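Listed below are the residues making up each chain.
Protein chains: 2
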Amino acid sequence: MEALPGTASALMLPEFCTFRSSLHEQREMKIGLAQINTTVGDLPGNRDMVLKAYRRLVDQGAELVVFPELAVCGYPPRDLLFKRRFVPDQLESLRQIAKQTGAAPAVMGFVEANPSNSGRSFHNAAAFCHDGEIRHVARKCLLPTYDVFDEDRYFEPADLPAVVEWNGRKVGITVCEDIWGNIDVSRERYPRSPIEYLKEQKLDLHLNLSASPWHCGGKGEQRERLVTQASLACGCPTLYVNAVGGNDELIFDGRSMVSNAKGEIVSGLAAYAPEEVIVELDQTPTFAPSFRQSPMQNIEDALVLGLRDYVHKSGFKKALIGLSGGIDSAVTAAIAAKALGAENVTGISLPSQISSEHSKSDAEALAKNLGLVYHSLPIADIVSAAEKTLSPLTQDYGRDVTEENIQARARGLLLMALSNKFGALLLTTGNKSELAVGYCTLYGDMCGGLAVISDLPKVQVFELARHLNRDREVIPLNTIEKPPSAELRPDQKDEDSLPPYEILDAILQAYVEEGQSSQDIIAQGYDPAVVKDMIRKVDLNEYKRKQAAPGLKLTPLAFGVGRRIPIVQKYVS
Amino acid sequence: MEALPGTASALMLPEFCTFRSSLHEQREMKIGLAQINTTVGDLPGNRDMVLKAYRRLVDQGAELVVFPELAVCGYPPRDLLFKRRFVPDQLESLRQIAKQTGAAPAVMGFVEANPSNSGRSFHNAAAFCHDGEIRHVARKCLLPTYDVFDEDRYFEPADLPAVVEWNGRKVGITVCEDIWGNIDVSRERYPRSPIEYLKEQKLDLHLNLSASPWHCGGKGEQRERLVTQASLACGCPTLYVNAVGGNDELIFDGRSMVSNAKGEIVSGLAAYAPEEVIVELDQTPTFAPSFRQSPMQNIEDALVLGLRDYVHKSGFKKALIGLSGGIDSAVTAAIAAKALGAENVTGISLPSQISSEHSKSDAEALAKNLGLVYHSLPIADIVSAAEKTLSPLTQDYGRDVTEENIQARARGLLLMALSNKFGALLLTTGNKSELAVGYCTLYGDMCGGLAVISDLPKVQVFELARHLNRDREVIPLNTIEKPPSAELRPDQKDEDSLPPYEILDAILQAYVEEGQSSQDIIAQGYDPAVVKDMIRKVDLNEYKRKQAAPGLKLTPLAFGVGRRIPIVQKYVS
Chain A
6 MEALPGTASA LMLPEFCTFR SSLHEQREMK IGLAQINTTV GDLPGNRDMV LKAYRRLVDQ
66 GAELVVFPEL AVCGYPPRDL LFKRRFVPDQ LESLRQIAKQ TGAAPAVMGF VEANPSNSGR
126 SFHNAAAFCH DGEIRHVARK CLLPTYDVFD EDRYFEPADL PAVVEWNGRK VGITVCEDIW
186 GNIDVSRERY PRSPIEYLKE QKLDLHLNLS ASPWHCGGKG EQRERLVTQA SLACGCPTLY
246 VNAVGGNDEL IFDGRSMVSN AKGEIVSGLA AYAPEEVIVE LDQTPTFAPS FRQSPMQNIE
306 DALVLGLRDY VHKSGFKKAL IGLSGGIDSA VTAAIAAKAL GAENVTGISL PSQISSEHSK
366 SDAEALAKNL GLVYHSLPIA DIVSAAEKTL SPLTQDYGRD VTEENIQARA RGLLLMALSN
426 KFGALLLTTG NKSELAVGYC TLYGDMCGGL AVISDLPKVQ VFELARHLNR DREVIPLNTI
486 EKPPSAELRP DQKDEDSLPP YEILDAILQA YVEEGQSSQD IIAQGYDPAV VKDMIRKVDL
546 NEYKRKQAAP GLKLTPLAFG VGRRIPIVQK YVS
Chain B
6 MEALPGTASA LMLPEFCTFR SSLHEQREMK IGLAQINTTV GDLPGNRDMV LKAYRRLVDQ
66 GAELVVFPEL AVCGYPPRDL LFKRRFVPDQ LESLRQIAKQ TGAAPAVMGF VEANPSNSGR
126 SFHNAAAFCH DGEIRHVARK CLLPTYDVFD EDRYFEPADL PAVVEWNGRK VGITVCEDIW
186 GNIDVSRERY PRSPIEYLKE QKLDLHLNLS ASPWHCGGKG EQRERLVTQA SLACGCPTLY
246 VNAVGGNDEL IFDGRSMVSN AKGEIVSGLA AYAPEEVIVE LDQTPTFAPS FRQSPMQNIE
306 DALVLGLRDY VHKSGFKKAL IGLSGGIDSA VTAAIAAKAL GAENVTGISL PSQISSEHSK
366 SDAEALAKNL GLVYHSLPIA DIVSAAEKTL SPLTQDYGRD VTEENIQARA RGLLLMALSN
426 KFGALLLTTG NKSELAVGYC TLYGDMCGGL AVISDLPKVQ VFELARHLNR DREVIPLNTI
486 EKPPSAELRP DQKDEDSLPP YEILDAILQA YVEEGQSSQD IIAQGYDPAV VKDMIRKVDL
546 NEYKRKQAAP GLKLTPLAFG VGRRIPIVQK YVS
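Those protein sequence lines, which keep their order, are chains A and B. Everything in the first sequence is counted per the working numbering, starting at 6 for the first residue and increasing by one. Everything in the second sequence is counted per the working numbering, starting at 6 for the first residue and increasing by one.
Simulated from the structure, these hints should not be mistaken for lab results. Quick caveat, the model's predicted, so the values are computed rather than measured. One should not assume that every hint holds.
Note that the list lumps identical chains together, so a pair holds whenever it fits in one copy or between two copies.
To be verified - In silico lysine to aspartate or glutamate, EDC-like type, Cα no more than 20 angstroms apart, as pairs:
(1) Lys-426 <-> Glu-408
(2) Lys-57 <-> Glu-138
(3) Lys-426 <-> Glu-409
(4) Lys-426 <-> Asp-401
(5) Lys-537 <-> Asp-499
(6) Lys-542 <-> Asp-47
(7) Lys-551 <-> Asp-152
(8) Lys-35 <-> Asp-501
(9) Lys-322 <-> Asp-510
(10) Lys-426 <-> Asp-405
(11) Lys-542 <-> Asp-405
(12) Lys-35 <-> Asp-64
(13) Lys-575 <-> Asp-84
(14) Lys-549 <-> Asp-84
(15) Lys-537 <-> Asp-47
(16) Lys-204 <-> Glu-269
(17) Lys-575 <-> Glu-500
(18) Lys-537 <-> Asp-94
(19) Lys-426 <-> Glu-392
(20) Lys-322 <-> Glu-547
Full structure from sequences and hints, please.
Written out as structure tokens, the structure reads:
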């Protein structure tokens, strides 16, 4: 790995830390915040996106333009970093950007090759570019290695954040986690705090470049607290510029913001959409309407963005959904129609001989309400061919879950055939509750390239359905009101196999998300038999989740890259 | 998290580091090496296994018994550590073990709750137990966070390894990676070396507790070098005790060993099998025959162990395999028969109208050679039912890969039905080359709970087939000699879509395992069009691998937990 030629790390040159104090009165700066939606690994695309935003903002008078963490390569690049030419190619891309900068600096995240021969090969860094060159490099000090984050796998941390002198001002630069140092009050995650160091630096301005994915449950408020605390600690304004867009499971919500030196949020950018804004710190506070909005609107917007970016960044235009008449596929279809346009979404009803009349009519009504392309393909022939083919081996045995799974897999086979034939991405529709307890068929209803609502517990699927119906009946009321059923055997109801979803979701929240044991959960008053049965089902179905489609992360702990449970294990808790 | 009551960390009590020197002549010790096969999370099972091995070895005269890293909970516990009761339950299990120890210490790996309120919640540690108590705790200094390892996600490193006084002897205790400090000559992975510290401690004995998974390509030799170097550096014997057994993707090969103070390996334990051995350092060197053996025998043994442990530790007894008459399913079946007993393996031939006669006869001959239960289920009816069901939507379009995938998915559906009906784990049979370029059908031939040879490139599948035939023709010669074909359209051959496997595997080795770019590979003389087409296929098929069954890791870089490439990304290298 080559070090970055022609640049000097702020950390390596101690004179950068001995600026004159800038207590003299200064004219208010105009600073551009470029909340952009990059694609992981798309070096030319990201470069052009950065340059266009830079030019637009400079044309509008920005004297400094700030971009998100790792804007040059997209976040998270993960093991692309280990491809031998990735970091050099990305540095070339950064140099091309730097060449186009003028007097107004552009500050953006990139991956620096670690110039030292010790420790990890890279730094997660920010480049301070102006007048055609990379003038300073600031390195991230705190590397998240928990939940979905693996930064210790790639990056060497810096001891201290960088302070850059610019036009007589002292600008402190931190990267994302650097301001998250000790958010968890029960223990200090990191032994040091970059903000504690910056406190002593008499900064005029503090920039934080972030790629902070969204999840429900107060992350927005938490960020506002961290940004204002950083401002109060540093005694200067903080500009927090966050990435926006979906990258695999992660949804970055933007919501860049500015705190003044008094710790007041004076600007809040759009949630779930790119935005370029010029802030003047003495102006009247301005907030995008989506900056603070209802929890259910956040979930809707997050899903729409995550789905759209997954489909479009994968090079697809069209999506395909199996419509059962039930609520999960209805909500998935409604999100898909918003994300891709109804004309790009095809709904397929796949009725069996067991399917109720309302399943077919509800699916059709949904498709009509949304304006989807709609077809119906009955699965009876394929199911009976499969059962007949198997009969020499199975005829002496009774019907069991095997025959239920055959139906689900016949549907999967047909949907995948249509996906192959027409180049439409199949969306899978399972919710978090059923994925948790394995109430789903591997290679059946689990087929698909993206699991849109797999991090949404069933109770919240109902809430989201009602929210989607806020203006008009998009999702048929009957779909919302009828008892959930997989319809894989006559008169089947979900509640034959599972407790009521209010109870199931509470148990799953405690077990999966909070790591509570069965005895902890039972102590809260739940039926011991139900608790033990459900957590046993969670444990037994790890193998299904291993083969599940990637799902959009909505909660603090989603199934997927942020939850790493062994498949074969025998711990009973 | 509670600290471990009743124990004291060697690191916290400086008096442990001020032993009298023990240069006086000492009687040779008898030391027990317990190379055991634990199951992740099986606290009672692992406890009993540890105690039985301890008693057996003490009964044979062992004065000290050494176990592998994290023997109490199994390795790797991964996010089980975040279950709130896991570490406390595991500490209780350790206390139960300690209670049963007598004058002969037992040294074993466990997870310690970090007693400090700063940093990660746990230490990867070793307990030195005797006379009924946990007397000392030694903590791991170097935490692997690369490839399949995520230790920085869980553990706080120790600054220094522990030195324990025992019977007038100074015993240094390191854990696995602590002796791997700077194996990579091109850069220092860690800023410090526990062995450098131990050099100064005038040790009488050095113990290294490991859970080091095997992979081909010289890892055995590398370990011998590290163990002998540690002995030479410390000026004393090193006892290296490694775990054995399969845990999900990882295969721990055992091969515990002892180096004397002169840096000579004087004892080598069995590979791929548990073993308990008492070593006396002045004895004649003794080696298990499998300690050093041929590369292909290592692959065979690793696969047999990995498959057996995956199936048995999952609670299955029987396995099921679709037999195509081709080499991948033949090799998988031969490994399964060795691992589980032929009577527990069912082979199913699933011929289509396209299948050649030799496909059926080769599959049948294989089943007969191995002694498998064998059935044939033709897929024609299910395929024609599927095509007929789809025809209203597809009749205006030509046949394409859709119809090929329908055949593969019909097979998957039937095999999964048999797996469900008879409680046999379906094994999937794809090799690394086809998984790399996506020459496989998601939800079709990719169906299965375990991908047995998914880390074996096709050229090595042929080598392994010949190796399996070394005593008699187990795999029909025709299976080995005929040109590989997916038989999804008439007269199809793999080489219609792919370059010859010798070339493909070389390109994949360079691209996937070594991270070379297309231009690097083309510069070695490969056809530019072929290189670009193949690496494009690798990149495009990340989505299939996301949903692939777990596969047994055989190479330094397997698809799976050790390779984390974004699914949606646009980097072209």
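Structure-based check of each hint:
no.	hint	result
1	Lys-426 <-> Glu-408	between (27 angstroms within a copy, 9 angstroms between copies)
2	Lys-57 <-> Glu-138	within (18 angstroms within a copy, 67 angstroms between copies)
3	Lys-426 <-> Glu-409	between (26 angstroms within a copy, 11 angstroms between copies)
4	Lys-426 <-> Asp-401	between (38 angstroms within a copy, 11 angstroms between copies)
5	Lys-537 <-> Asp-499	within (18 angstroms within a copy, 49 angstroms between copies)
6	Lys-542 <-> Asp-47	between (41 angstroms within a copy, 17 angstroms between copies)
7	Lys-551 <-> Asp-152	both (17 angstroms within a copy, 18 angstroms between copies)
8	Lys-35 <-> Asp-501	neither (62 angstroms within a copy, 61 angstroms between copies)
9	Lys-322 <-> Asp-510	neither (34 angstroms within a copy, 33 angstroms between copies)
10	Lys-426 <-> Asp-405	between (33 angstroms within a copy, 8 angstroms between copies)
11	Lys-542 <-> Asp-405	within (18 angstroms within a copy, 40 angstroms between copies)
12	Lys-35 <-> Asp-64	within (12 angstroms within a copy, 80 angstroms between copies)
13	Lys-575 <-> Asp-84	between (31 angstroms within a copy, 13 angstroms between copies)
14	Lys-549 <-> Asp-84	between (25 angstroms within a copy, 17 angstroms between copies)
15	Lys-537 <-> Asp-47	between (47 angstroms within a copy, 17 angstroms between copies)
16	Lys-204 <-> Glu-269	within (18 angstroms within a copy, 56 angstroms between copies)
17	Lys-575 <-> Glu-500	neither (28 angstroms within a copy, 44 angstroms between copies)
18	Lys-537 <-> Asp-94	between (52 angstroms within a copy, 18 angstroms between copies)
19	Lys-426 <-> Glu-392	between (26 angstroms within a copy, 12 angstroms between copies)
20	Lys-322 <-> Glu-547	between (32 angstroms within a copy, 19 angstroms between copies)
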